[in-house]
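Protein chains in written order, with my numbering: chain A, 1 to 219; chain B, 220 to 438; chain C, 439 to 655; chain D, 656 to 872.
Quick caveat, the hints were computed from the structure, so don't treat them as lab data.
Note that the structure is a prediction, hence the values are computed from the model and not measured.
Note that the Cβ used here is the ideal one computed from N, Cα and C, for glycine as well.
Certain hints may be false.
[As the list claims (entries may be wrong)] Covered stretches of chain B (in silico footprint by chain D; criterion: 3 or more residues with CB under 8 angstroms from a CB of chain D, positions within the stretch not fixed): (1) 293-304; (2) 310-319; (3) 426-437.
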Amino acid sequence: MSMNAKELIARRVANEVRPDSLVNLGIGLPTLVVSYIPRGAPVLLVTENGLIGVGPRPPHGMENPDLIDAGGGFIMAIPGAASLDSTATFGLIRGGHVDLTVLGGLQVDARGRLANWMIPGRLVPGMGGAMDLVTGAKRVIVAMIHTAKGTPKIVEECALPLTSVRPVSLVVTEMAVIEPTAEGLVLRERAPGVSVADVVGATAAKLIIPPTVPEFALS
Amino acid sequence: MSMNAKELIARRVANEVRPDSLVNLGIGLPTLVVSYIPRGAPVLLVTENGLIGVGPRPPHGMENPDLIDAGGGFIMAIPGAASLDSTATFGLIRGGHVDLTVLGGLQVDARGRLANWMIPGRLVPGMGGAMDLVTGAKRVIVAMIHTAKGTPKIVEECALPLTSVRPVSLVVTEMAVIEPTAEGLVLRERAPGVSVADVVGATAAKLIIPPTVPEFALS
Amino acid sequence: MKTARHPDDLVAMIPDGAVLMIGGFLGVGSPHRLIQGLVSAGRKGLTLIANDTHHPGLGIGKLIDAGVVKRLIASHIGTNPETQRQMTAGELEIELVPQGTLAERIRAGGYGLGGVLTKTGVGTIVEKGKPTIEIDGETWLVEKPLRADFALISARQADYFGNLTYELTAQNFNPVMAMAAATVIVEADEIVAVGMIPPDSVRTPGILVDYLLEHPA
Amino acid sequence: MKTARHPDDLVAMIPDGAVLMIGGFLGVGSPHRLIQGLVSAGRKGLTLIANDTHHPGLGIGKLIDAGVVKRLIASHIGTNPETQRQMTAGELEIELVPQGTLAERIRAGGYGLGGVLTKTGVGTIVEKGKPTIEIDGETWLVEKPLRADFALISARQADYFGNLTYELTAQNFNPVMAMAAATVIVEADEIVAVGMIPPDSVRTPGILVDYLLEHPA
Chain A
1 MSMNAKELIA RRVANEVRPD SLVNLGIGLP TLVVSYIPRG APVLLVTENG LIGVGPRPPH
61 GMENPDLIDA GGGFIMAIPG AASLDSTATF GLIRGGHVDL TVLGGLQVDA RGRLANWMIP
121 GRLVPGMGGA MDLVTGAKRV IVAMIHTAKG TPKIVEECAL PLTSVRPVSL VVTEMAVIEP
181 TAEGLVLRER APGVSVADVV GATAAKLIIP PTVPEFALS
Chain B
220 MSMNAKELIA RRVANEVRPD SLVNLGIGLP TLVVSYIPRG APVLLVTENG LIGVGPRPPH
280 GMENPDLIDA GGGFIMAIPG AASLDSTATF GLIRGGHVDL TVLGGLQVDA RGRLANWMIP
340 GRLVPGMGGA MDLVTGAKRV IVAMIHTAKG TPKIVEECAL PLTSVRPVSL VVTEMAVIEP
400 TAEGLVLRER APGVSVADVV GATAAKLIIP PTVPEFALS
Chain C
439 MKTARHPDDL VAMIPDGAVL MIGGFLGVGS PHRLIQGLVS AGRKGLTLIA NDTHHPGLGI
499 GKLIDAGVVK RLIASHIGTN PETQRQMTAG ELEIELVPQG TLAERIRAGG YGLGGVLTKT
559 GVGTIVEKGK PTIEIDGETW LVEKPLRADF ALISARQADY FGNLTYELTA QNFNPVMAMA
619 AATVIVEADE IVAVGMIPPD SVRTPGILVD YLLEHPA
Chain D
656 MKTARHPDDL VAMIPDGAVL MIGGFLGVGS PHRLIQGLVS AGRKGLTLIA NDTHHPGLGI
716 GKLIDAGVVK RLIASHIGTN PETQRQMTAG ELEIELVPQG TLAERIRAGG YGLGGVLTKT
776 GVGTIVEKGK PTIEIDGETW LVEKPLRADF ALISARQADY FGNLTYELTA QNFNPVMAMA
836 AATVIVEADE IVAVGMIPPD SVRTPGILVD YLLEHPA
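Let the sequences and hints guide you as you build the complete structure.
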């Protein structure tokens, strides 16, 4: 789980961000994506705690105590930002008005279903906004390290509790880009220097392999 | 339907208005009530089209085109007024946050159920906010002339479509104050100079007559 | 970012037979220039979702006069005898909806909810043909979400992100309709630069708005 | 009209075992002085409805530390290990609710709705024990309304009618909770004269508010 792996994932995900879209980035790895969004693609970032138009972290000494992101860190707001209460924020999320959410993952199964909010008996943080986001956002991208200490996280059936029964749109790891489809998981791309066999070996679900599997294009 | 009858009703209804309450007044007769609310009982008037703190009509030449009541007439706003969108306004109404609504009536039946929004084949204005108000306000007072051209409007069973199955709290006419209860309609008060027999004669539903039926106290 | 457009360009996007939501309460908070544009363009067969149809010759009443509305979903038509005449004559199909239910059905459409569970209408003719559900011994009416192809919105201020403010009783159905349509077109009293509306004053976030109507030359 | 009260007087109204809603998201927009008052007064057996329990020693986390909460309905407890410890030890009963569902359930409680029809949670463990309803071939989860005895609200400004404004991400659950409790107590950064908040800036109308917390001497 080197810094390079996370950066690779963030840069590949950044290519999926469309201009003029409303984007939600989960805490942790997904947050890195913001650094790689192409300059020519102005996007609006929305945070679950009620701001559209999230800006960068403020310089030290310029924090606004009433302005944080969903991880509790201080943020700034861009010109044109808008405040929302929780019902309106989740109305946007659940009503399909958020174009893209990027979330971390614990497991994704052969049907493209994500588990990312609890490990029974060990980690029960609560789902926060994750279930709403995966169920309601127009596109859902899972950004995660391909395996957990060598154990595949892409599996036939999630052993962990599902976040939603709705399949995600895309899974991006440091090894591959995988697209859940009605036929199954399709291996769309592989990371630079990674072979199809490498990906298959690190994956515990059946992968559909198209005739050509190109390497990532990175932003 | 003399002017005196309407004034009598409005003055009697005004006695039911509690200090510091949120009150909605229907178009027509109920609107007259505002003139008789005791000075010492500051109430907030709410209008279905989204203002809490309705003030009087503006002087000619001082109208604000964006500030009307539910009847379409220009109004003013008192200091401390608040604007609401339609979901919030009806959230207040349906969520039981409106203390009192005063509405006109076409019929009230023996179970206290009101019909006031349509006469099939003749008058179909739509229910507007009436169904929400009768279903959701804490107290519902019907303010109406006792009969329609001699025909009783208080009847055993409404022939006209109901506004709500929820019984109203009180019916105030120019002849009587009648309270729907679980046992039936109770004649609480009679208008000055009107006898119990007069009320019974003008009413087509069974009335429960307590041992004493005092005359109205008027504000 | 949105650039302000000529009314003809905006009205041209709306085809015959479209489902429209139009804001306003007795004309206050209605997008009057867009309404006039629809009448002038001679649209037909529209489905209209609105609180009321104002009076003949005024606001939404102009659409009724012009006979461009085939189906109407509204809470009140008592101020417009022409609407009632067309209904009686079978020229206009009307669904009357309690005002609070109308607002909540539109909200449900915009918020991704499956419907509205309400007491309003239970046991009345409004209930007819609709499912009810019992929860803890109480009966609730299930009212379905409403969505539209286009929402025509009136606002006090817009910025070029599409962020909107409203004024007093001109707000009414506008914010909720802006959530519930595939394409949202806004007629604002004033268009200001991005950043001029403080975040806490925004009532409709710009991300919901697709087009702004330019000011008259 | 409301007069501003001493925190002790306000906290004294809240009995052991009460159901409380408290606004805030990781402490931002939480009524910190009222929370401190509850801890100092040694309340016990409270049911708490809130988005999260912040961190140990901070905001709502103080209520968890003090062991005054018996039952918690929240969307996220990942920032507070003490909450998780009490849950695992069986000292604290917790219902985890998706954040959007939590907001809508509170709204339903305040708006007189019978419940919320949502896709969120369908087919997951959140669905367990709850009714579902099929509408036009789609399955929706029926989530019940939430109400409280008291809502403790944090606001930017209050006037003496109780009209409230909020600032930026300190808004979050405060406005919706102000609709859904029998008694609403407000801790505002500033209390201003009636008429100082323009009608279009009011986010919670004063009629919903019962008490204001006075400023520190």
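Taking each numbered hint in turn, which are not upheld by the structure, reported in ascending numerical order?
3
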